[in-house]
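Engineer: Once you've looked at the hints, dock chain R against the given chain V.
For the record, the sequence lines run as chains V and R. Positions 1 to 301 (the numbering used here) are the ones given, in order, by the first sequence. Positions 302 to 587 (the numbering used here) are the ones given, in order, by the second sequence.
Incorrect hints may have been included.
To be verified - No more than 25 Å apart at the CA atoms, straight line, and that leaves these computed lysine to any residue pairs for SDA-like:
#1 K483/R <-> C151/V
#2 K391/R <-> S183/V
#3 K89/V <-> K353/R
#4 K353/R <-> N497/R
#5 K492/R <-> M84/V
#6 K427/R <-> D197/V
#7 K114/V <-> Y218/V
#8 K520/R <-> Q211/V
#9 K483/R <-> Q104/V
#10 K113/V <-> E494/R
#11 K113/V <-> N497/R
Unchecked claim - Stretch by stretch, here's where chain V covers chain R in the computed footprint (C-beta under 8 Å, at least three residues):
#12 383-391
#13 422-434
Keep in mind the hints are simulated off the structure, nothing from the lab. What you are looking at is a predicted structure, and each value in this text was computed from that prediction instead of being measured. Virtual Cβ for every residue (Gly too), placed ideally from N, Cα, C.
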Amino acid sequence: MYVAGMSSWTWVCVMGGALVCVGVVTRIVCRQRRRLPVPRDVVLVHHFFGRGWKVPSKSPFPMKLETFLRITKTPYMNDHSGRMSAKGKTPWIEYNDTQVSDSQFCIEFLKKKKGIDLNRGLSEQQKAIARAFLKLIEENLYWALCIELFCNEANIPLLKPMSPLKGLGFWLYYWFVKRSIKSATWGHGIGRHSVEDVWTIAQADIQALSQYLGQKKYFMGEEPAEIDCTLFGMLSFLLVTMQGTRYESFTKQNHANLVTYFQRMKSSYWPDWDTLITASESFQNDQGPTHYSGLSFILTC
Amino acid sequence: MISGTLVSPLPVFVTILSILVLLVVLKFRRSNGRYPIRPFPRDMVLLHQCGKGPHAPSLSPFIMKLETFLKVAQIPYQIVRDYKMGPKGKVPWMEYNGMVLCDSQLCMEYLIAELNLDVDAHLSTKERAVSTSFQRMADEHTYWLMVHWRWAIDKDKICFKEANWGIMALAVSAFLQKRATKTQGVGRHSKTEILNIIRRDFEAFSNFLASYTFCKGTKKYFFGDRATCVDCSVFSQISQVLWHLPNSEPQNILKNEFPNLVEYCHRMKDNFWPDWNENILISTDS
Chain V
1 MYVAGMSSWT
11 WVCVMGGALV
21 CVGVVTRIVC
31 RQRRRLPVPR
41 DVVLVHHFFG
51 RGWKVPSKSP
61 FPMKLETFLR
71 ITKTPYMNDH
81 SGRMSAKGKT
91 PWIEYNDTQV
101 SDSQFCIEFL
111 KKKKGIDLNR
121 GLSEQQKAIA
131 RAFLKLIEEN
141 LYWALCIELF
151 CNEANIPLLK
161 PMSPLKGLGF
171 WLYYWFVKRS
181 IKSATWGHGI
191 GRHSVEDVWT
201 IAQADIQALS
211 QYLGQKKYFM
221 GEEPAEIDCT
231 LFGMLSFLLV
241 TMQGTRYESF
251 TKQNHANLVT
261 YFQRMKSSYW
271 PDWDTLITAS
281 ESFQNDQGPT
291 HYSGLSFILT
301 C
Chain R
302 MISGTLVSPL
312 PVFVTILSIL
322 VLLVVLKFRR
332 SNGRYPIRPF
342 PRDMVLLHQC
352 GKGPHAPSLS
362 PFIMKLETFL
372 KVAQIPYQIV
382 RDYKMGPKGK
392 VPWMEYNGMV
402 LCDSQLCMEY
412 LIAELNLDVD
422 AHLSTKERAV
432 STSFQRMADE
442 HTYWLMVHWR
452 WAIDKDKICF
462 KEANWGIMAL
472 AVSAFLQKRA
482 TKTQGVGRHS
492 KTEILNIIRR
502 DFEAFSNFLA
512 SYTFCKGTKK
522 YFFGDRATCV
532 DCSVFSQISQ
542 VLWHLPNSEP
552 QNILKNEFPN
562 LVEYCHRMKD
572 NFWPDWNENI
582 LISTDS
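The shape of chain R in the complex, shown without the other chains:
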C-alpha cells in the first residue's frame, strides 16, 4: 500500500526552474566566454593547452597535432598551460596577434593562409585530396577508437594516473567520453571489433606510408622527404597508442604488425621534437 504523503508541487517546480536557469546561464557563459586578450607578443602564437603527458608531450592528440605543425612550419610559439577551454569548449586553442582561434585544424588553416606557408604547397591537387582524406581518417576515426579504448576498455588508465589525474576527474571524463563514443558510433562495438577496426586503420596508414607512387625523393613522410600537414595529424594520433597505451592490445598490434609506423613516429619525434624530454613528465629511452 502506498502511503499518502502530501507533496507540495511548489518546491519541485522551484527546483526544476532553478536547474533550468542554471543550465541557461552556463550555456550563455560558454557561448560568450570572454578570453583575456592580454598584451601579446607580436607574430608569436600563444598555444593554450593543458599539462604535459607522462610519455608524450600531451595526452591530447590535437594539442600534439597543432604543436607539431608549429614546429614543422617553424612558427614561433609560446606554450600557455592555463588549463582553460577555448571559445568552443575545446583545447587546444591559440591566440595570434590578438586573434583567438579554436580547433587544431582551423588553427593550422588560419596560419597557413595568414603566413602564406608552403607546408603543403608542393603537393599536387590529387595529393592534397588524399592528404585531406587521411587527415580526416586520423582525426575523426582513429582518434575515437583510441578514446574508446582508453576510457571504456582500459581499466587501469595508467598514463592518466601518471599525469596525476584525480579520481573525480577520471570518473567524470570516463562517463563523458563513453557517452561521446557511443553517440559517435564506435562505442557500440565489441572489444574484438574495435581491435579489428584499429588494425585496418593502421594498415591503411602503414601501406600508404610504404607506397612509392606519391613519393618525391626518399619516403620519410606521407608524401616524400618533407613533412606535411597530414603527418602532424597521423603522428599525433598514433603517438597516443605508442606512448600512452602501454602494454595494451592496440599498442601490441602497432609494434608487432606495423613496425614502419613505429619508425615513422620516432622519426617525427627525433626530427621535430628535440625538446621532447623537456615536455614530458616521465623521461624514457623509447
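Okay, chain V solo, but in the shape it has when bound:
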C-alpha cells in the first residue's frame, strides 16, 4: 500500500524514528530545565535511581558517596532527576561548576578540593589492604550480588515490591534488567558461571570481609576510613535490598559481625534513614535546595 508515494513499511520506519527523536529531545530539554541551583562550596550529588524502597539508594555506589560526604561532614544536596554524567556513569557530582563522575573519582576530587583524607591514619600497608578490599567489593562481590538478585528466579517475589513498574510492566522491567546484568557480567567473566558457582564465589568474598573486620569498630581500626563508605554501601545492598535472599541469610547466620558493623554505621551516619526510604511513612523527598539532608545532618551533629 502506498501513501504519498511511500510504502507502508517506509511510513512505519519514518514515524517510529520521528517518535524516538521527539522523545529524546523532550527528555533532554526537561532535564535541562530541571537543573538545580546549588550554592557555592556545596556538592550536588546526582542520583539516577532516586531514593529506594527500603534503602536510601537502590545502588551501593551513591550510598558509598553519600556516606563519605556524611562522615566528612561535607555540605551536599541531592538531585534525583536522573541526569547522567558525560561518561554515562552514575552517581556523579557537580562542585563549583566542575563535574566529576564515578564514585571513587568523586571522592578523590573532594579529598583534594576540601583537604580531607579519611585514610590519613593508615600505614602504607593498611592503605594497600584497604584498596585490595575496595576492589574485592566493587569489582567482584557487587556483580555476584547483581547476578543473585536479578538472575536467580527464586528472588522474583522480592523484586516485585521494589520494582518501579507493576503487572506486565514488571516483567518487561525484569527482562530488561536481567538481560543487562547477564550481558555485563558475561563480558566481565563472572556471568559465565552458574548461579551456584557465583554463590560460592560470593561466600568467599563475604567471609574475607568478615574475617578481616573481626571485632573492630571500623574496617581498618578505631576510626572510619574510605573503605568503610564502600563496605557500608555494599552491605546496605546485601542486607537490606537483598533481604530474604540466601546471601542475606548466610551473612546473618555466619558473619554476624558484618551485620553489627552495618547497624553501627547506619546509626552513626544515617540517623535519618527512615526519612529517606519510600517504604517509610516519614519519607521526605530531599530533592533540591529547599531540603537537603547534608546540612540538616550537620546541624544536628
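Structural biologist: Chain R in isolation, oriented as in the chain V frame:
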C-alpha cells in the same frame, strides 16, 4: 522524494527468523558443549590453553596464573594446545581424572580441595582474607586495566603480531574487548585516568610486598618465603605489563616507580619457571 519500491515483508521476516534460529543454535551448542573425555592419564592435569606468548608463556594472564599454581604446588600436568574454549567459553580449562573444570580460580580451589594441598594452609585467618582481597584486585581490576590498555589504547599491538595473530583476529578481539571494558567500567576512563588507576594498583601491590607485618621469614613473596595462591594471581597479571606491553607507559611506571615488583616477577619466573624459555616464542635475556 522517496521512491516507492514495494518491499515484501516475507524475505525480511525469513532473514530475521533465520538469524534468531542461528543464535539459538549457537547458544545451545555453547551451553552443552561436549568435551572429549579422552583416555586420560591418571592423576595428571590436562591444561588446555592457547599458543605461547612472545615474551612470557602466554598472552593470557589466567593461563599463566593456573600454570604457575601447578608449578608452585608441584602438580603433574600436561599442556594441551588445542585452542578450544572451555565449557564456559573461557580459557584456560582443565581435565583431571575425567573431571572437566573451567576458570583458573575454580580450578585452583578444586585442586586444593581434591589433593589436600597446603599452598595456603600456613596462612592465618586474617592473612587468607587479605590474600583473597589481593587476588580479587589482581584478577578483577588490574586485569581489566591491562586489557583496556592493550586493546583500546595500544595501537601497535606488537606482541600480538609477534604471536602471529591475523588481522581479522585482532580486529574482532579489539571490538569485543573494548565493548567488555566499557561495560565493566574501566573503558569509560581517559588514558590519563587509566594510568593513575594502574599506578595506584601497582602501589598497593608494591607497598604490601614491601611491608613486614605479614612476614614469616624473609619477604620473598606476598606472605613470606613461601609462594601462595595470591602470588600466582599477582605475578600473572603484572607479567603481562612487564613482558607484553613493551615501551608502554604502564611498563615505564612499573619499571621506574615499582622496582620491587619487577624483582618479584623475576623471582617468580626464576624459581617456578625454569622452562620459561621453552614456553615463549622469542627468547630474550630480560
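Engineer: None of the hints should be skipped; say for each whether it holds.
Structural biologist: Now the hints, each set against the structure:
1. K483/R <-> C151/V: holds (21 Å)
2. K391/R <-> S183/V: holds (15 Å)
3. K89/V <-> K353/R: violated (38 Å)
4. K353/R <-> N497/R: violated (30 Å)
5. K492/R <-> M84/V: This hinted pair holds, its Cα atoms lying about 21 Å apart.
6. K427/R <-> D197/V: holds (24 Å)
7. K114/V <-> Y218/V: holds (23 Å)
8. K520/R <-> Q211/V: Holds: K520/R and Q211/V sit about 23 Å apart, inside 25 Å.
9. K483/R <-> Q104/V: Given that 25 Å is the threshold and the Cα spacing comes to 17 Å, the pair holds.
10. K113/V <-> E494/R: holds (18 Å)
11. K113/V <-> N497/R: With Cα atoms ~18 Å apart, K113/V and N497/R stay inside 25 Å; holds.
12. 383-391: holds (count 3)
13. 422-434: holds (count 7)
In this structure, the hints that do not hold are numbers 3, 4, in rising order.
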